[in-house]
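Protein chains in written order, with UniProt numbering: chain A, 1 to 341; chain B, 1 to 341; chain C, 1 to 341; chain D, 1 to 341.
Hints are computed from structural coordinates only; laboratory data are not their basis.
Nothing false has been slipped in among the hints.
Residues of chain C placed beyond 12 Å of chain D at every Cβ, according to the derived structure:
| hint | residue |
| --- | --- |
| 1 | N4 |
| 2 | E37 |
| 3 | L49 |
| 4 | P85 |
| 5 | E188 |
| 6 | L231 |
| 7 | D248 |
Heads up, incomplete: computed chain B residues facing chain C, CB under 7 Å, no partners named:
| hint | residue |
| --- | --- |
| 8 | V93 |
| 9 | E94 |
| 10 | W184 |
| 11 | E188 |
| 12 | I189 |
| 13 | A308 |
| 14 | L317 |
| 15 | L321 |
| 16 | D326 |
| 17 | A328 |
Where is the CB? At the ideal position from N, CA and C, for every residue including glycine.
These are the residues of each chain, in order.
Protein chains: 4
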Amino acid sequence: MSRNIVLVDPLPRTLDLIMKPDIRRRLENLGKLVISEDRQMPAEQVDALLPETVLIFGQTDMPRERLDRAPKLKAIINVESNFMPNIDYQACVERGIWVITPASAFASPVAEAALGMALDLARGITRADRDFRAGTEHYGLAGNDGVFRFAGAPVGIVGFGDLGRQLRDLIRPFKNTVRVFDPWLPNEIIERLDCIPCGLDETLSESQVVFVFASVTSENEGFIGRREFRLMKPGAAFLLMSRAAVVDFPAMLETVKSGHIIAATDVFPEEPVAGDDPVRGLPGLLLSAHRTGGTRDAFYELGTMAVADAELIMKGLPPQLCRRADPATASRLRSKPVAVS
Amino acid sequence: MSRNIVLVDPLPRTLDLIMKPDIRRRLENLGKLVISEDRQMPAEQVDALLPETVLIFGQTDMPRERLDRAPKLKAIINVESNFMPNIDYQACVERGIWVITPASAFASPVAEAALGMALDLARGITRADRDFRAGTEHYGLAGNDGVFRFAGAPVGIVGFGDLGRQLRDLIRPFKNTVRVFDPWLPNEIIERLDCIPCGLDETLSESQVVFVFASVTSENEGFIGRREFRLMKPGAAFLLMSRAAVVDFPAMLETVKSGHIIAATDVFPEEPVAGDDPVRGLPGLLLSAHRTGGTRDAFYELGTMAVADAELIMKGLPPQLCRRADPATASRLRSKPVAVS
Amino acid sequence: MSRNIVLVDPLPRTLDLIMKPDIRRRLENLGKLVISEDRQMPAEQVDALLPETVLIFGQTDMPRERLDRAPKLKAIINVESNFMPNIDYQACVERGIWVITPASAFASPVAEAALGMALDLARGITRADRDFRAGTEHYGLAGNDGVFRFAGAPVGIVGFGDLGRQLRDLIRPFKNTVRVFDPWLPNEIIERLDCIPCGLDETLSESQVVFVFASVTSENEGFIGRREFRLMKPGAAFLLMSRAAVVDFPAMLETVKSGHIIAATDVFPEEPVAGDDPVRGLPGLLLSAHRTGGTRDAFYELGTMAVADAELIMKGLPPQLCRRADPATASRLRSKPVAVS
Amino acid sequence: MSRNIVLVDPLPRTLDLIMKPDIRRRLENLGKLVISEDRQMPAEQVDALLPETVLIFGQTDMPRERLDRAPKLKAIINVESNFMPNIDYQACVERGIWVITPASAFASPVAEAALGMALDLARGITRADRDFRAGTEHYGLAGNDGVFRFAGAPVGIVGFGDLGRQLRDLIRPFKNTVRVFDPWLPNEIIERLDCIPCGLDETLSESQVVFVFASVTSENEGFIGRREFRLMKPGAAFLLMSRAAVVDFPAMLETVKSGHIIAATDVFPEEPVAGDDPVRGLPGLLLSAHRTGGTRDAFYELGTMAVADAELIMKGLPPQLCRRADPATASRLRSKPVAVS
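When you get a sec, could you build the whole thing from the sequences and use the hints?
Below, the structure is given as structure tokens:
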């Protein structure tokens, strides 16, 4: 008595977090859902389900020997969004099992927030509100000391994946010259999007606003450090939108404190940040508690992308929306998965 | 011994504020500059210069009898940016004297700041920074309570002149449905820019973000009042970017205080705002001290536009950059000129 | 017994040509229509109507003495689209009578056709179809001899009014460098639309595709002549979209015949062109019988714009869609009005 | 004595056709080039090179047993652009050998030509030139009989890969409603590009202009036939830009002959077309000899993309520009490779 199992093991997500009822119904049409949401699915349950499982939604450990026992498996869909080393990617490739993640669901809200924070730094929006509340506001031109126009300002983007490209689209009306540093990309990709491929140093030194969207890999931890921050123009704005580990965080804070640059960050080396961390009092820093990507709509988009691609895969077609794990590169990524949504 | 005088009477501006050296040199090529910057040009000096004056840069009183004594006058270029009743507009028209103002120089910085403030309200940027500084921040999804995506949110624009149209251009990548209320415009203009012409009530009630760019006229003071604010969606954002007098300001504050809407304002009924004004402590209000338009680059743009059009006029060509005073409408405008830049 | 007359004297247009029923109804709401469509309205009829006339739709002679007898007249709306010397423009200005024309109704179809013809010249579309019909076609790369990509090719635009700007918008996705020659415009206007202001010689010599949209004035007849055509790059494309009189037409044909350039023209010195005119056999010339602007939708747009602005004017507001006649420049224009629509 | 071989077996291409000298030099930096351009590389030569080969540029047969003898092989780069069944795709996947093709190099010239041909059909450009040469032209409105505006016309796209998406980008300024039929794609992809996902029937029946970019697969030969052509609007335009086999070609010709639709085609069931084929005389058909993609720049782009991705692959990074062969879908494609470039 054959049946198709969809194994749902989504922690730290839950199905309700990532799917509205209509999307969940589309998922239910693909097979019988077996769900473990309050804890990771126990090994014995996974093992019992493997022979009938066609799809895995979640971050279940899938070494080669488990893949061997899942003859009907067509795809593993990571709904956390970071590929982890608990899957044998090469074995999946050999069996024609897709390993994919709808990580780009977060790109749109992060890019929107990144532009908001860049406009905030450029035009002094939060700072002016703070001054007004303190009774120290200045009117008109006097209130625009240290301010610059985002429109036309040279922009640098470090890391030009989904996030960087969405930001690039959002800023088109501002007509910035855009330099991009991304060592994983050929120049041709960067130029097609009307940007200038550059080295890191030039990207930092020539830009008035620098956005960092780079992922952490085994090779790039802390690659923007004291020397790099000093390359930036006086008064330039630095926005850290991806992972704290790509910068030397203390060097960043120190450069802000010195007044050389202003900055915004959505990420911190340890989260939550300690109550007495001096970062909380730094005037030139716009603070955001790892919240630019995790909007309600982004979680729903995550689930929608996952189900839409699962539908294609069940029809024998390649996925179109999720990112595929390339065995060679999946092993280089070093992002810490989130603990809670 | 004939010569061409350029009468420069720019208060509250100064030439250095609005012209970089290269632009000033272009102005000097049009005639001999006679400048009064520390005070309005005295009447006797104006009267003495009139016979040789070809251009007036400033807000000098120009009643019909003065125009009668200025046979060479080709243009009066208001560099404050609001047409005032101290000029006989009809007499200028009859004599073929252009009366123009480069007011749209301020449109670009205001539109940029308006988008920045809208993203701030939508995504809670300033609020989240304030919480972080207070040690009360929330991470991830929990930090996004009350937040909405600007992308895709229905937008309303009240007043669709230079400001509104620049904002419309800036938000194109966000793919909003945009409703426009502007009783001075035919539907055709609004539709060409991919917006929906609407009445005021529908613009307010159907939009998640409402931008007000309307000028004050003799007919529209306080036209957005208690009733209109109540039409807005719960949690919607209201941005007042033009003049305080177009809204019932206390009604706006009260609606924010009630939690029904969030808001941002760049303008106030009296500026500077009193030190103890309770507006300074209102949580749902983003405060800006009449500073969104008056950036340094905007003042330079003002001067550049003024000189470029003066050059055309001196060649017998119509101006292309400045707005022309139409006698009928100039008399309806009620904006208070600024006292200082 | 007062009433408002709308005097309709639209030859060579007719009301049915330029207004669908719903637009005509809007016009009827503005006053009582008195129409002369089969011939120009007789002088005695015009004279009888003047005291009650509020709007003139058409090209009626309006010297000062007639204006003196039309105290209620608010606007003269030229529906042919070229301002002619049969109106006392200065007298209109003095009386606050708008003289306007919805000429830009033709800009959109002309720009669309101009792009179509430019793609045709660049990619050899008509030529390849001709070869195919003659049995002399070549396949693949061999069929692309002499062809160039429009995408990325340097473009020159001569005359940057409504037509040139609409074309500029249409070609944005092709990412061309665009040079513009327009002596009536300040550089600032040209640069805002991401084009490079240039002299005529540079515009011609640096461009792979040159579009001519310039109007004829008293000063520019034949300003693109033998010398100018020789400045163009070998194999470049020249598109004449406005009026034959702006070029030395025989020089253009000769340059095409020599093989130095390819060209397209929608206009001819005399129309209709003689049956035996050798222009009909020229291989490198794409021929169009003054038909790029006069599409059915353009005529309806003409009427819609005219009525929408008339509605504003009757409410005391300035027109927004039509072009205004500036007394100084109206007198410089030299386009021959069309004889038939 | 180890060395890296780059096996170049590019027929029907040649290296000079697809690479300018600077790109070829970049290729030479990746290994020692062994080239067979005048004929397919002989089996014995291939076999001798396999042990040292790191990259294959071309369409060499690569069954599993050859892959077994190529331990250093990292990528097979098809420079013809259609994946063929002469490679064991599954074996490549298992070994981590990329099989890719820069087919999208042709997308840009095809999309440009498709727009040019659509504007031609809509505005009657070629037809009007033909009439003018025959002395039967009509001027103005009379010359626009049967013409429609492309701007604003409802558009249908059948097949939404690289070609369809590039066309979608090019037509953005025309503000068309765009319906897309592509059964391999989720609705989400189509909607992100501001198009409406539709079934084939609705795409055909609701559009004024239909573009066909679909590839031939084992499942879709002749899927647009007599019944489907009859669904189209009277006077609508049909453009066949991909492969003749996706339509019932005689049914297409017959529908054009009947006057129900007008059409353009770049492809034919047999090429070259017979000299006496009646297709050559059909008035409503715009003829193009399989030449829209094969422009000189497209071949250079092909080589550039191939080399750029080869560089990434040699650095251990995934390719970014070329399309990857998915084993499941590669086997469904049925395009005949071209015989000559």
